[in-house]
Structures are given as structure tokens and as C-alpha cells.
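*Asks:* Given next are the chains, with one letter for each unit.
4 protein chains.
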Amino acid sequence: MSIKALQDQLADFADRRDWGPFHTPRNLVLALTGEVGELAAEYQWLTEAEAAKAMDDPEKARAIRLEMADVLIYLLRLATVVDVDLDAAVREKLAINESRFPPA
Amino acid sequence: MSIKALQDQLADFADRRDWGPFHTPRNLVLALTGEVGELAAEYQWLTEAEAAKAMDDPEKARAIRLEMADVLIYLLRLATVVDVDLDAAVREKLAINESRFPPA
Amino acid sequence: MSIKALQDQLADFADRRDWGPFHTPRNLVLALTGEVGELAAEYQWLTEAEAAKAMDDPEKARAIRLEMADVLIYLLRLATVVDVDLDAAVREKLAINESRFPPA
Amino acid sequence: MSIKALQDQLADFADRRDWGPFHTPRNLVLALTGEVGELAAEYQWLTEAEAAKAMDDPEKARAIRLEMADVLIYLLRLATVVDVDLDAAVREKLAINESRFPPA
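For the record, the sequence lines run as chains A, B, C and D.
With the numbering used here applied, the first sequence corresponds to residues 895 to 998, in that order.
With the numbering used here applied, the second sequence corresponds to residues 895 to 998, in that order.
With the numbering used here applied, the third sequence corresponds to residues 895 to 998, in that order.
With the numbering used here applied, the fourth sequence corresponds to residues 895 to 998, in that order.
Think of the hints as simulated: they come from the structure by calculation, not from any bench.
This one's a predicted model, so the numbers in the text were calculated from it and none came from an experiment.
One thing to keep in mind: the hints can contain errors.
The list cannot tell twin chains apart, which means a pair is met if one copy fits it or any two copies do.
[As the list claims (entries may be wrong)] Below, simulated DSSO-like cross-link-like pairs (lysine-lysine); rule was C-alpha separation at most 27 Å, straight line:
#1 LYS947 <-> LYS987
#2 LYS947 <-> LYS898
#3 LYS987 <-> LYS898
#4 LYS954 <-> LYS987
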């Protein structure tokens with residue numbers, strides 16, 4: 895699915911719950927922080943070797959997958975609210991990185 | 895652009911720089927934390943009213959947009975490395991939220 | 895209590911549980927991220943006015959207080975593990991800030 | 895130095911710069927997030943072995959130490975602003991952890 899289609903779906907989900915007033919930029923950034931914290935917590939006590947195999951455990955994989963979904967959901971909500979075209983933003987950033995980090 | 899196409903583009907960018915060995919799950923989660931911290935910093939001293947108008951300032955808008963791109967880039971790299979289908983993960987999470995938060 | 899006395903108490907607490915091997919710098923930074931995320935989540939949907947009065951609600955106050963304790967606990971554990979004198983580090987940082995931000 | 899003495903010093907530093915109006919709970923939580931993100935960034939590309947030796951490099955050690963100071967500074971400012979006794983909060987949390995995690 896395209897990023898924009900996903901944003902539309904999330905906007906519709908929020909609208910049907912009247913969540914618009916809560917989805918201010920600062921609220922969404924705090925929510926994003928919370929979700930990244932939950933994702934970090936999934937990896938906090940794992941060795942590098944354990945982390946590399948974390949997805950082999952179905953329960954752990956589900957937890958990691960859903961935390962990643964939460965991070966993406968709040969990032970996409972923020973993009974909608976502040977009207978950022980994430981596709982274009984990533985291209986803009988990659989162009990910067992192309993010159994900062996020339997390929998080997 | 896689809897999420898998967900964007901992931902492919904980022905994977906290619908990393909591969910051409912031999913960044914693969916650095917892109918372990920824990921490294922990427924720490925990098926994601928760093929970028930969310932930079933995004934939070936853009937909003938830290940703004941009132942709600944100022945935050946709502948932050949994108950009217952071209953320099954501020956650029957900073958916010960590029961931080962959002964960085965967050966997405968590391969999240970997508972993590973999705974590739976741990977082989978999570980983010981489209982499916984968001985759908986799975988929305989189904990959970992549908993039953994947790996019935997529409998008004 | 896002094897910061898060092900608190901660090902000693904936390905080191906003793908960890909030692910009695912054989913947590914030493916888990917308390918590597920990167921693990922503690924990920925744990926710190928998780929706790930800051932939980933603290934952020936306590937404030938994510940509050941208006942500025944609600945946030946200013948959040949401590950009037952005993953249950954909310956308890957949650958915020960305990961999340962702040964968790965952040966401090968992991969920061970102090972990290973200070974012990976990497977052997978940073980936090981008192982001195984804060985003095986060093988304040989000296990830098992004194993010259994960067996002269997008083998009004 | 896005691897935590898409270900450090901809080902007094904930071905309060906005085908902020909007062910002399912008229913920073914009081916900026917130090918709302920949500921602003922300080924966002925600032926704390928930003929500093930934890932910078933601390934995470936110091937560790938993001940290090941292996942566990944490199945992270946264990948990071949303090950041997952004076953420049954890296956200074957960066958880590960000052961990021962830790964920043965995290966503590968914002969946490970202590972928040973404690974002052976929301977009137978949390980961090981000593982007592984850590985004792986309260988350790989009492990909870992004593993029963994959750996009995997010593998081996």
C-alpha cells in the first residue's frame with residue numbers, strides 16, 4: 895500500500911472516533927516517543943545474538959511487529975496533521991545523504 | 895510510493911555503502927530513538943499555538959520534515975532487517991484498535 | 895540523599911539479583927528510552943492546562959512519579975557502569991551553559 | 895551533592911534566565927526525550943565490545959558524560975516543576991521492585 899493510502903486510512907479511523915482534537919503535533923510527537931520506547935523495551939535485555947533471532951519466537955515477533963506498527967501509525971498521523979509528504983521528504987533526505995556519504 | 899518500494903530503495907542505498915553489518919535490530923532501534931529525539935527537540939519549546947503554525951516557517955518546516963524522514967528511514971530499515979511487513983502490521987494493529995475503541 | 899549514595903543503593907539492589915551482566919551501557923540506554931517513553935505517554939493526550947494540574951490526581955501523580963523514578967534509576971545505573979560522576983558532569987555542563995546563555 | 899541541592903542550583907540557573915515559562919511539564923518531557931535521543935545516538939553504531947570501552951576515548955567520554963548531564967538536568971527540572979521528591983520516588987519504586995523481583 896502507498897504511504898498516502900495508509901495515511902488516508904488512518905485519518906478515517908481517527909475521524910470516526912473524533913480523535914482530531916487530540917492529534918496535535920506535540921501530542922503526536924509524545925505518542926511517537928511512547929511507542930519508540932515500547933519498541934526499545936522489547937530489545938533492552940537481549941544480546942545482539944538474541945536480538946538477531948527475536949523474530950523466531952512468535953509471541954516476541956508479534957510484540958515487535960505491533961510496536962513497529964504503532965510507531966508508523968503515529969508518524970503517519972503527524973505527517974497528515976503537519977502536511978508533510980513523506981515520500982518527498984525521504985527523497986530529499988536521501989539526496990542529502992548521497993552527497994554526505996558517497997558510495998564506496 | 896509503496897512502503898515496500900521505499901524499503902527496497904533504502905536497502906539499496908545501505909548496500910552500496912556496505913552499511914549492512916551496522917544495521918542490526920538494536921542499532922536501528924537506538925538510531926530510531928535518536929531521530930525521534932531530534933524531532934521532539936523541534937517541538938520542545940513551542941506553545942501549542944506555535945506548534946500548530948510551525949510549518950509556516952520554511953526553515954523550521956524543513957527541519958521537521960527531514961527529522962520525520964529520518965524516523966521513517968530507520969523504521970523501514972528495521973522492518974527490512976527483521977522482515978516485518980509493515981502494511982500487514984498496521985492492518986493487524988487497526989483490527990485490534992477497532993475492537994478496543996469502537997467508533998462513536 | 896546524595897546521588898552517589900543512591901547509586902550505591904541501586905548497585906546493591908542489582909548485585910543481589912545478579913543483574914550485573916544485563917546492565918551493559920547499550921542495554922541501559924535502551925531501558926532508559928523505554929522509561930522516558932512511558933513518562934511521555936503519561937503526558938501525551940493532556941492539554942498544557944491539564945498537564946499543569948496532572949499531579950492533583952493521586953493516581954496520575956503516582957504514575958508520573960514512578961516513571962520519573964524509573965528514568966533516574968536507569969540513568970544512575972548507567973553512571974555507575976560507565977563510571978561517570980554525575981555531579982561533576984552537571985557542573986561541567988552548567989559551566990558550558992553559563993557562557994552559551996548569559997543571564998538576562 | 896544531594897539531589898535537592900542540585901535541583902536548587904538548576905532552579906536558580908533557570909530563574910536567572912527567565913526560563914520558568916518554558917519549563918512546563920510537557921516541554922521538559924520533550925526536552926528529556928531529545929537528550930535521551932542524543933545519548934542513544936552516542937551508542938547507536940557501537941558493538942557491545944566497543945560500547946564497553948567507549949569511555950576510554952576522551953572525546954567520546956566527554957560526549958557521553960555531557961549527554962547524561964543533560965538527561966539529569968531535565969529530569970531534575972521536571973521534578974522541581976511537578977514537585978516530585980525523587981529520593982522518595984526511587985525508594986517507593988525500589989520497594990515495589992523488592993516484592994516483584996525477590997533477590998536470588
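*Asks:* Hints first: check each against the structure and report whether it holds.
*Replies:* Now for the hints, and whether the structure bears them out:
With identical chains, the CA atoms of LYS947 and LYS987 are at most 27 Å apart between copies only, with a shortest distance of 23 Å across copies and 31 Å within one. With identical chains, the CA atoms of LYS947 and LYS898 are at most 27 Å apart between copies only, with a shortest distance of 22 Å across copies and 32 Å within one. With identical chains, the CA atoms of LYS987 and LYS898 are at most 27 Å apart both within one copy (18 Å) and between copies (18 Å). In this homomeric assembly, LYS954 and LYS987 come within 27 Å of each other (Cα to Cα) only across copies, at 15 Å, whereas the closest approach inside a single copy is 32 Å.
Comparing the model with each numbered hint stated earlier shows that all of them hold.
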